[in-house]
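There are 2 protein chains.
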Amino acid sequence: MKNKRNRLQVITEILRSNVVSSQDELLKMLSEKQCLITQATLSRDLKLLKVAKTPLSNGAYKYILPSYNKPILSEGTFNPMVAHGAILSLEFSGQLAVVKTKPGYASAIAWDIDNKANQQVLGTIAGDDTILVIPREGVRREDILEMMNITFSEKE
Amino acid sequence: MKNKRNRLQVITEILRSNVVSSQDELLKMLSEKQCLITQATLSRDLKLLKVAKTPLSNGAYKYILPSYNKPILSEGTFNPMVAHGAILSLEFSGQLAVVKTKPGYASAIAWDIDNKANQQVLGTIAGDDTILVIPREGVRREDILEMMNITFSEKE
DNA sequence: TTCATAAATGTATAATTATTTAGATTTCGG
DNA sequence: CCGAAATCTAAATAATTATACATTTATGAA
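Those protein sequence lines, which keep their order, are chains Z and G.
The first sequence begins at 7 in my numbering and counts up by one.
The second sequence begins at 7 in my numbering and counts up by one.
It is possible that some hints are incorrect.
Remember, identical chains collapse to one label, so a pair may be satisfied in a single copy or spanning two.
Pairs of lysine to any residue residues, derived as SDA-like cross-links and limited to a Cα-Cα distance of at most 20 Å, are as follows [stated by the list, open to error]:
hint	residue 1	residue 2
1	K108	L128
2	K68	S27
3	K68	R142
4	K53	L42
5	K68	E143
No lab work stands behind these hints, which were simulated from the structure alone.
Quick caveat, the model's predicted, so the values are computed rather than measured.
Build the full structure now, drawing on both the sequences and the hints.
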């Protein structure tokens, strides 16, 4: 596997469809896909992807991707919110973000944000055409932007 | 600290209101609260609580509680709000606190907060299932937590 | 109470994961 | 091209976290 971007993509796909309990395990799965790297690199990759290690109820551990990385809809579909151009703008002030929408759309879009961006966002409060987004601590503006782009992009 | 349940509660509260990057760090915070345990026990506690370790965008790591064990209530309460499990979580970001509730409950609970916590809280803004709580200057997170515990878990 | 059993914990250590360091590779502006 | 700067990586190591094992502590039935 040639480059980094490619590798990150492969890692993402593996984690989406498997229970992976350790980096060594993931290393092996990667090597089966012709991705030969060391644990050090993998650790950095996981950090980059913000992959969390979480305990499961069965006593094992699992690496999980941040939820915004998961597909919202199946392949080839489009996001109605975006298709209708319901999101008009996204701006920041201090630690807060404000999303402007077409009238009436705020609640619906806020619901999507709440559900897809739990890792970045503490909560949202929606009016009729405005959403106040409260990011978690340590989450940067770029992270919010990225999340919004992924969550509301038309392709995937 | 006497028993395990108690300790788990303390751990939960610490993780809810602080960025904790390692178990050692958490151990120290626990010892400040008269909770003297070893790293081994802590590791087991975190596994029990299903606390995940996740990378932040600032390059550090953070232990995060699973969203479903965020309830702040204690057992055996008589407050209707809590009795119905209407309050789902309480988290902080910067100077703000965010309370998540069951759908439709936010306004009612916000009213309670406004009226019972005037001393700690400047005001609240409620959506449908989210309340933004703006603490007064100088009010600490622990104060808010305590206020919420008292307001929503005492017999009336 | 007393014994049996289960639960909880600490110690020591294994296992795992993060990072430092140094070197390789790529990129980009002359 | 050339070299500087940035990016990427492996190897070694440091740091952190999980667990095997031993011991203690709680629980409960007779």
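#### Entry: Homo-oligomer pair classification [L42, K53; C-alpha up to 20 Å]
within (18 Å within a copy, 31 Å between copies)
### Query
How do K68 and S27 come out at 20 Å by Cα distance, when the copy is not named: within, between, both, or neither?
For K68 and S27, the Cα distance is within 20 Å both inside one copy (5 Å) and across copies (19 Å).
### Task
Go through the copies and call it for K68 and E143: within, between, both or neither, with a Cα cutoff of 20 Å.
between (24 Å within a copy, 10 Å between copies)
#### Entry: Same-copy or cross-copy closeness of K108 to L128 [CA-CA at most 20 Å]
between (23 Å within a copy, 15 Å between copies)
#### Entry: Intra- versus inter-subunit Cα pairing at 20 Å for K68 with R142
This pair counts as between: shortest inter-copy Cα distance 12 Å, intra-copy 23 Å.
Violated hints: none; the structure is consistent with every hint.
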